[in-house]
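Undergrad: Sequence:
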Amino acid sequence: FINFISAFYTWYSEMFDEDGCATQKFIDSIGGTATNVTTTGGTTTTGTTTNAPLGGQQIWSSPSSNSFVVPAGVSSITMKLWGAGGGGGDGNTPPGGFAGTVVGAGGGAGGGGYTEQTLSVISGETLMVVVSAGGAGGYLNGFNKLNGSNGGDTQVKRGTSVITDATGGSGGGSGYQGCGDKFYGGAGGAGGVGTTASGTNGTAATPDNNCALVSNGVGGAGGNAGIGNGGAGGNLGNGIAGGGGRAKFNW
Numbered sequence: 001f002i003n004f005i006s007a008f009y010t011w012y013s014e015m016f017d018e019d020g021c022a023t024q025k026f027i028d029s030i031g032g033t034a035t036n037v038t039t040t041g042g043t044t045t046t047g048t049t050t051n052a053p054l055g056g057q058q059i060w061s062s063p064s065s066n067s068f069v070v071p072a073g074v075s076s077i078t079m080k081l082w083g084a085g086g087g088g089g090d091g092n093t094p095p096g097g098f099a100g101t102v103v104g105a106g107g108g109a110g111g112g113g114y115t116e117q118t119l120s121v122i123s124g125e126t127l128m129v130v131v132s133a134g135g136a137g138g139y140l141n142g143f144n145k146l147n148g149s150n151g152g153d154t155q156v157k158r159g160t161s162v163i164t165d166a167t168g169g170s171g172g173g174s175g176y177q178g179c180g181d182k183f184y185g186g187a188g189g190a191g192g193v194g195t196t197a198s199g200t201n202g203t204a205a206t207p208d209n210n211c212a213l214v215s216n217g218v219g220g221a222g223g224n225a226g227i228g229n230g231g232a233g234g235n236l237g238n239g240i241a242g243g244g245g246r247a248k249f250n251w
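If you read the sequence shown in the working numbering, its first letter stands for residue 1, the second for the next number, and so on.
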């Protein structure tokens, strides 16, 4: 018991000052870089030990490819990934069409999927984090009305192997011209897939079979927190680009 009291007193005097405030050694012991000083045979050696900070977080919010080195002392990471939304389909009036009339409006694109997963890691290992870009909106290319582009997948990799991902939403279809002067609204794009939640599908533009007014499609929502939404279809104009993906690590 006496030994216990002595050991406790020694620990307390190192961790707290005379006013009861935490010392730097106490702060270092729960996160940060501690300085260790040892004396052997009259020789003093100073070194450092890096500890993982409590409540660490890293966010990547723009399209990019990134290297993440796992901090010392960290054995697991919670990953949150958002796939990008697709771009809406083209809704321009093609040459020879009825200018100023919403014919062949574009379909809305799908929203990106969402994945949340805890990963076991090793301190010092490197993970690759790929954050995706939203799909481009469709546009009029000469006489061709183009579909919106698909949103990209957000991924975490070890080397070249994909550990987990959240896929992007599909682009919306462009409106098109059928037989004669009949124009039709574009199809909606499918939502991206995630292990936690999928993005919702974009809606199709209102069909039209007699050159009457049609409405453009609405983009689908991303799988979580309004990130990676699909773009709306064009309405007498280009489709709207989809929202970009995102990645977030917590440890």
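If you are wondering where the hints come from, they were derived from the structure by calculation, not from laboratory data.
Cβ atoms here follow ideal geometry from the backbone N, Cα and C, with glycine treated the same way.
One or more hints might be untrue.
Using C-beta positions, here's what the derived DEER-type ranges look like [as the list claims (entries may be wrong)]:
#1 N141 / Q57: 21 to 27 Å
#2 Q57 / T195: 18 to 24 Å
#3 S161 / S76: 16 to 22 Å
#4 S65 / N141: 26 to 32 Å
#5 Q57 / T160: 23 to 29 Å
#6 N141 / N66: 30 to 36 Å
Undergrad: List, from low to high, the hint numbers that the structure doesn't satisfy.
TA: 1
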